[in-house]
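**Student:** As a plain string of letters, each chain reads:
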Amino acid sequence: MDSLSFVILLPLLSALLILLVPGNYRVIVRAIAVLGSGLTAWIAASLFFRFQPGHEGFQFESILPWISVGKLSLAYHVGADGLNIGLILVTGLVGFASVLVSWNIDRNPKLFYILLLLMIGGALGAFASLDLLFFYFFNELALVPTFILIGVWGRGENKTVAAFKISLYLTLGALIALAGLLLLHVSTGAQTFDVIALKTLLAGKPLSVTLQNWIFPLLLFGFGTLVGLFPFHSWAAEGYAAAPTAAAMMHSGILKKAGLYALLRVALPFLPDGAAHWLPVLAWLCLGNLLHCGWVALCQKDLNLLIGNSSLAHMGFAFLGIASLSVIGITGTVIVMVAHALLAPLCFALSGYLESQSGTVDLTRLGGLLRRMPVFGTLMVMGFMAGCGLPGFANFAGEATVLFGSWKSLPWIVVAASWSGLILGAVYMLRALRSILYGEERKELTAVIDLGWWRRLPFALLIAALLLFGLAPSLLSRRIEPVAKEIVKAATNRSTPSRVAAVVVTP
Amino acid sequence: MEHAAVLHAVESGSKIQDLAWMILVAPLVMAVGTTLFVPRDRTLAAVFNIGGVILSFCLSFVLFCVFGGGSAQCTPFEWLPIAGLDVHIGLHIDPLASLMLLVVTGVASLVMIYSIGYMHDDRSYPRFFASLSLFVFSMLGIVLADNFVMLFIFWELVGISSYLLIGFWYDRPAAADASKKAFLTNRIGDFGFMLGILMVWSALGTVDFAVAKAKLAENPALLGSMAGIAGLLIFMGAMGKSAQFPLHVWLPDAMEGPTPVSALIHAATMVAAGIYMLCRVFFLYTAAPGWPGPLSMLGDLSAATLISLVGAVTALLAALIAVQQNDIKRILAFSTLSQLGLMVMAVGLGAKAANPSAAMFHLVTHAFFKAMLFLGAGSVIHACHHEQDIWKMGGLKAKMPITFWTFLIGTAALAGLPPFSGFYSKDEIFALALETNPILFGVGVLVSVLTTFYMSRLVLVAFFGAARSESADHAHESPGSMKWPLVVLAIPSLMVAWLPLGPFLSESFDPAHPVHLGDIFFGPFNHNPIAAFFGFGAALFGFSLAYSLYWKAAKDPLPTQLGLLSKVMRNRFYFDEIYETIFISLHNLFSHIADWIDRWVISGLMVRGVSGLVNLSGRALRLVQTGNIQSYTFFFTVGVLLVVLLARK
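Which chain is which? The protein sequence lines are A and B, in order. Quick note on our numbering: the first sequence kicks off at 1 and runs consecutively. Quick note on our numbering: the second sequence kicks off at 1001 and runs consecutively.
In isolation and in its complexed conformation, chain B is listed as follows (with noise of 0.2 Å):
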């Protein structure tokens, strides 16, 4: 069969499989496990559920020193054998899977350490640990899916664990409310991805990656006319998933979850599955652009480019938001949304060099440091007695020494600042916007700058000054299985960018230019001043900014300053009420009409017209047998009268 397309054929394959097989399989089990054999069982639940989120992190750790840039695809199972659509379910691993599967392990690994000490008191912690195990189980098969289909079964898993997840305290109605919003803005996104899926296998003939990528490099104009549309609806996909504008105003909501979920879930890895996707069937978007005839005068312009551009535009828009919000984790929600932006943006202009590997290295540092912000803030949620609005915080950094320190290396790296892992991954997207898009590095820098901006806002607001709420005041640092995943976190936030992540990730794509990712220290100084120069300077006037703004502000002085434009940056530039009056209301008006329809023209037609026809002839048959001897004569006169005329005819 096709699938048979083995990349390497690997000596030791069978072990590498099983070792796969097993990294993905782990968490599944003992979420299964949990919620059949011990639902009350706190402790073995805890246990169970990091045990094997930890198996799975320290045989992806071996996997990635025994089999490091190799690239293997496991034999599969078949799923769906139909001639003509076969779908089976195997893995594939190369370096792009590998460094991945680290990343989701690590991060999930230590945000279950620390849910032990944050969901203490919960109720359903069993629960908890078995939803966060499925949600690892799910987001391991899109780390190592092998086909368009397998992926798409592994997406819309990750996101049932994710309304499963933001839902968990399903008695809050904005908990509830968040999760349906997350759940069905993800299916709008996967109708089109589904759909791109569809117009790729009528294309090429297979959902086999491997296939169809080796059936592109062939021929770059098989997919035709439809390239460009297939490559915008797969990307529809990633813009539900990564909360790409216009589909983005899911995540925010999503912070109704508890804090861990926020910190794995929507920050560092689900969010992050997006890019990821756009990356693994990166071959799509290098493919020849073309579009269908209505279409054509979008003529050269390839679907990556119109991508770059969502990317861009997601990116301003939610730094523009998060400047005027006051929640701790609202903030560092737009700021996400802010830097998948960018991440996008990177994918789109990668297509030219042929290497999306700049955004794959934003994803693997973001992910670090932004789950460390988010774990920091549920650290100082926690400490305040669930307090979330910076205003009512302030003087923290006494009482919560590891947790200010730890936020502050995630927010240096967050703003860009050497020798923190964001700078050197922010920078290689900037010098491949220089070199490809100007306009584009110019709203990168834009981004940078408000980046930094709202960042130091919220650590001067709510570290230092005075404490502005009783909470605050009696704040006190948190336990040690909170703090010492800050302290782990803390050690990639800083360090995981002077890897030679680059050359790595290169092998997963064929790249026309090497990247220069992996520089140490001053090294993007060297090789593109111009793009590191501005990623700094935009950090530094970022900063001093919001140190003039706010280092000892009682309030916000920006709503008087800015007016109309602060009230409409906090309100999130209205997309919820937009949508609320364009889209809900005119389904509302569609179901209705429906319903409408149903009740009154077909019941009302179909079945009361035979009903009624029959209970009319009833009547009318009723009329004429009367028992009246005068009108059966006088029907007796009609019917000889009718019958002589037609006879005359």
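Isolated chain A (complex conformation) (with noise of 0.2 Å):
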């Protein structure tokens, strides 16, 4: 079997036999999950070194003729371009790191894992599916386990709104965005889901401009509610608080990026004219997201809804480079979405751990932890400077790029206002570390223990990363940038004369 079938089976199996075991056997049940889930992070890892970079086209693509009904061909196809292969290496790390802080989970941990497997697994489906039904069930199979850990496993006393919310949230989401795609699918009079024959298919016969104006927003809105595109947004602090620390882990941090993933493979490329006539407003709607949603996590006392709120703002980011329609933007966008992947489940990792040894993560409550926690504090130091933009980790590679990118095709008020975003990101994210590690030592938080040697493991698999993507970007852009430069052609191809001239570089 090729390994990138293989990487996508694997969680999935080892979800499967976890089945077998029975419930008590809980060593064995553990053991399955860290060895499926870093068997995993392993392939997912040689997968993307032993990605040609500079290549156009699919890599370690596969194709297995599924179903026909009719007319209609249904087929498995994967394959890795510069686009995913950063996303499926990060899901492959998050997942393996989020197995690894489960360790404590006592409640019913088969079921857990179970749950956990199948999300990781589903995340990297419907990142390497080229079949857009594929993609869609792939993600489905994802998104349903957060729900049910957020009411079974969840924190805190408002669980069950927090799940009711996020559910209803993304399952609108998520119809609307199926919405889109049918349209999409039925007008186009194709006989496939595939991406690349639905590509060559609209590059010849475009959609009309009115039916790609209510098709884009549809894949925008629908989409950019799985991500928190403001203002729909309010689900994913409250989700993120209420759910177990791996949950928040792998949907803030990998699920989140299905969406983005699909707005760049499908919406922009298939249809530049719904792009053109929306991504103005978009790129007004990110601000929403950098400094709205920035505003609110400075308020935060909730050291869950913070990093929810701060992780929503760095989506605008994100969002800022896709309404740039600009090789230098995309590529951008696509460093952030890898960077974020590893920023917030570090940082829901940080304050799960932290939880685990103060009872609280109510910022008023907490106070003068580094000197008894040293190692966690200087990880937590690291982790929130990373999510403050600092030069050396990749959330600055991708920002600056977003920024450099952004700054020749939109308004300059736009690509200032959200630069200042990381003035905001700065003062939360000091603030938080100002009220949880700096001052004097508390005398009701004696008890707590610093980071045992193998509990480092998941935290430090997750700052390397961030430290290897942020010293030597170049590791990602060479990989991303043919695809960004595919994708900026698709989407600039119009047959109306454009309102807002996009910009591709030319060296």
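Calculated directly from the structure, the hints in this document are not laboratory data. Glycine is no exception: its CB is placed at the ideal position from the N, C-alpha and C atoms. It is possible that part of the hints are untrue.
[What the hints assert, rightly or not] According to the in silico footprint, chain B covers these stretches of chain A (three or more CB under 8 Å from chain B): (1) 365–376; (2) 403–409; (3) 434–441.
Please assemble the complex out of the two chains, which come individually in their own frames, going by the hints.
**Tutor:** Okay, here's the thing in structure tokens:
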């Protein structure tokens, strides 16, 4: 079997294997989960480094015809290009890290790990699929466990409300996106959901401008809701605060990226005229993410709500890059996606460990923890600094690239305002560090224990990846740039004269 | 590619490259090594980190001697290669950089040796040295950067090392708050800096210094109407790092960090990074001035002129504040602010002569004598059991002779008395101001009077007279590791200005007028007697004023004489309070409004709206299914009537 399919199947098979183990053999359940996800991470990493940058088209591709109903033929079709190879890598890493931090789950670990592994496998499948129906199916496979995880293993008093809210939003978002995809499919008259086939078809015979103007917003707001696009964002922070750590890590880091991925894979290249009409709107909405969510984060007393809102703010940069419709901007967006897929899980894992030690994530009740937890504190400073865009971590590379990419094609006020989001980011991140780590030691918090040796592993893994891509972003950009060029080429291939001139920078 | 524009193909190019990379990387290796492998070993941590920085210093010295005035660009590593935005990590060596390398590594080596004694009892000794090494690495990165983005990257790294070191004693709330404030204030400056970089990049199509410089030399109008704005935005970066008005508020608070940190970072090197950066991108300020439509009333006023005004305001404001401070480190901090203001003013004024050497010259002399003053202050604080109020000191002259004499040399240099180095570098600024802007010359002289006044006040109160407290009475000279760096620093504080730095530096620029830097002894009185006499006179006047007020004074007579003005000066013109009420409250207000919108408008309307709608329709449907025959009949009749009504239309 080819390794890309293997990496999708591995977590799903591990889940199946756990299903066969009796629930009271907890050690075996955990061992299977750790081994399965660890091996997945390893293979995902090897795929990333085996990927040949600079080549056009898909690598590790494989097609398996499935069914044909009448004229419609469906096939399992996976492949990797610069757009998804980085996401596959981080899904593997974050999946492994989220299994590792869940070591202390006591309540029905069997079901917990099955759901978590389904999330990992679903996410990998969604990113690797080149067939829209499979993409949608895998994405739902990953989403549904989220709701159950929050409902059963969730934290806090209002976890039911949060679970209800997150399910409502995400289901509605997914339905709107599905409507968009089906409308797109029907109106092309294609007999397949295959991305490559649809792209060739649409390049030769684009949809009418009116139709594009209708389909694009369905995709934009449908998938946008899954990412937390302003003003459809209010599920996210509350949902993450109520979710168990592993679910918050997987969802905020990985599943959220599926929406952005779909916009880049489908909406932009398939609907150039729709993009021209709606991207200026997106450019202003992303300010809502960057500034509105930034301000909301500023007054949170609950660390999880703060991280959740900050994660929404970071999504603003991803949207900004998409709105810029330039090679540099879209390359930046993908770097931001990869970087944030590492950062958000890191922050939630930190807050999860903090809660396990101090019993609270209320910033007003914490303080002076650096003395007793120097390793934890160092990791937290590094993670939060990465969050406020410190160079050396991947987030800066992505955000700066987006900024450069959007400067020439978007109004300067939008770009300047979004960059000021980084000032806000620094304010709330430093406030959190100040109130958790700095200051005098508190009497009620003397029982906390620092991270032991092997518990550092998930944190070290995520920070190492952030540093790697921060110090050498060319590892990503070399892989992404050819795809970004293709996307921009397809998305600027309009039938109507442009309202906003998209800039394709040539060397 | 474009950046292959190596300025001079050097024969021994590869050796020079290796040398430059080693200078940069040595401190980083030590910082990382200490943190990962010997986080608890005090001796090894000190030896490694001091060794790393001394190695950098020796290599910088070799580079300086071998390579001297040449300039070269090392083959870069690719960092982010995207068509149209080619960012690389490469080193650029020229006289400006090699001089700055020596200053940074030299002062850093001495400060780190001094820290052996000063930080001896601290439990986080290894962390201290590792953070200092990290800082040196970041600072050297700024010095050696060959493009805007790399400069910005190391700029931020310097910011984080400063954050970590100000907040070194993290359990002190004041230190924790100060580190946060420093980082955030710098962030505001960096916000503008990055936008400036974007403008330059979009106008010139490159982020490489050499290429940008060549393009602008070819066509000075290339920046067009954005020249002024881009220049000012890039200057915003310097405003943050070099603590210029109105972003100056963080520097005095930064004194909460350990004193060696104040000496190295917040006096000698990091705060000078802004000046260095302005000199590095000086070609932007000599380009044709231009403003976009709404700002066209600025006309021919160049960004450089505005910069010099900001510098002058900072210099004067900080000098006034320093007059009424009582904390020995705060006095020095405000004096740093004021001197940085003079340097910024000099950069701005240098634009006409296409030569900012005067600013760089003052940066170099200031780095040495101000580092020495801070280390001297540290020695005093150490001896007086962490007492920092000068009015609780007194009579330290006899008890700490070496600290006293070196402090006196530093004071003389800062006050600008010949033949101490400060006199020559200040004189160069005064001469420049006299030629280009007489009003700023007046400001400079006034600042000089105030400088001598507050420094003399400090020395007279702290070192002369009788001891005013128990701890000052029991003070004794500091240990050798603290004494000797003071003595070593005294040498450049006296003599560095005697070296021919001017002609050396000028090779980095294309000066329209050569400068007279490096005139030894009475040279300044020959080439520009007015400036020299004013400078010298200001120092004498300031001293005599201080002498008349503070010689054997038991308490400060100024508050009664100046009344309200003294109070305003002591409270730093209430800038912190003003910022607190306006900006911070405004932000908090926005934040609460946004939170309210999220909670009530977005969640309320959308979520509750949707769930409410479902709920309502559920209730409505339930009403219909009452199981009551009468109501069924009623609804049936209504339905029939409706159908009939609609059908008749």
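**Student:** If a hint holds in the structure, say so; if it doesn't, say that too.
**Tutor:** Do the hints match the structure? See the list:
1. Counting residues of the region 365–376 of chain A whose CB falls under 8 Å from any CB of chain B gives 3; the rule of at least 3 is met.
2. Counting residues of the region 403–409 of chain A whose CB lies closer than 8 Å to any CB of chain B gives 5, so the stated coverage by that chain holds, three being the minimum.
3. Beta-carbon proximity to chain B at under 8 Å applies to 6 residues in the region 434–441 of chain A; the threshold of 3 is reached and the given coverage holds.
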